[in-house]
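Peer 1: Sequence:
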Amino acid sequence: MRKGIHPENYRLVAFKDMSNEDVFITKSTAEAKETISIDGVEYPLVKLEISRTSHPFYTGKTKLVDTAGRIDKFKNKYKKFKKEEKKAE
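Everything in the sequence shown is counted per our numbering, starting at 42 for the first residue and increasing by one.
Since the hints were derived computationally from the structure, they do not count as laboratory data.
This one's a predicted model, so the numbers in the text were calculated from it and none came from an experiment.
Please note: incorrect hints may appear among the correct ones.
[Stated by the list, open to error] Here are the simulated distance ranges between beta carbons: (1) Tyr119 / Glu62: 30 to 38 Å; (2) Arg111 / Leu89: 16 to 24 Å; (3) Phe122 / Ile66: 48 to 56 Å; (4) Glu72 / Lys120: 40 to 48 Å.
[To be verified] Straight line, CA to CA, 27 Å or less: simulated DSSO-like cross-link-like pairs of lysine-lysine: (5) Lys114 / Lys124; (6) Lys88 / Lys116; (7) Lys88 / Lys102; (8) Lys102 / Lys121; (9) Lys44 / Lys68; (10) Lys44 / Lys57; (11) Lys57 / Lys88; (12) Lys68 / Lys57; (13) Lys102 / Lys57.
The beta-carbon is built from N, C-alpha and C at its ideal position, and this holds for glycine as well.
With the hints as extra help, turn the sequences into a complete structure.
Peer 2: Following this line, the structure appears as structure tokens:
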């Protein structure tokens, strides 16, 4: 192996999924400004918006994340094009 091409700062880092508050610890070189204490040990903290514990592909659940009412705006904009169901007599 060539010398000097691999990072030297591998360490244990805590990753926190902000959507469901799940925290997991793994080795990483990710830079972190905050720390978190888990079982009395301080770890650098990297915040994630989505992880394996909240992503629909891994959980099998569809989770609707509505940011600033975008879905409501879309539905209101296009509800005039919605086909009305015909009532059977």
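Peer 1: Now look at each hint and say whether the structure bears it out.
Peer 2: Against the structure, the hints:
1. Tyr119 / Glu62: 30 to 38 Å: holds (35 Å)
2. Arg111 / Leu89: 16 to 24 Å: holds (22 Å)
3. Phe122 / Ile66: 48 to 56 Å: holds (50 Å)
4. Glu72 / Lys120: 40 to 48 Å: holds (46 Å)
5. Lys114 / Lys124: holds (18 Å)
6. Lys88 / Lys116: violated (32 Å)
7. Lys88 / Lys102: Holds, at roughly 22 Å.
8. Lys102 / Lys121: At roughly 30 Å apart (the allowed maximum being 27 Å), Lys121 and Lys102 break the hint.
9. Lys44 / Lys68: holds (21 Å)
10. Lys44 / Lys57: violated (33 Å)
11. Lys57 / Lys88: This hinted pair holds, its Cα atoms lying about 5 Å apart.
12. Lys68 / Lys57: Holds - the C-alpha atoms of Lys57 and Lys68 are around 14 Å apart, at most 27 Å.
13. Lys102 / Lys57: Holds, at about 20 Å.
The structure fails hints 6, 8, 10 (numbered hints given earlier, in ascending order).
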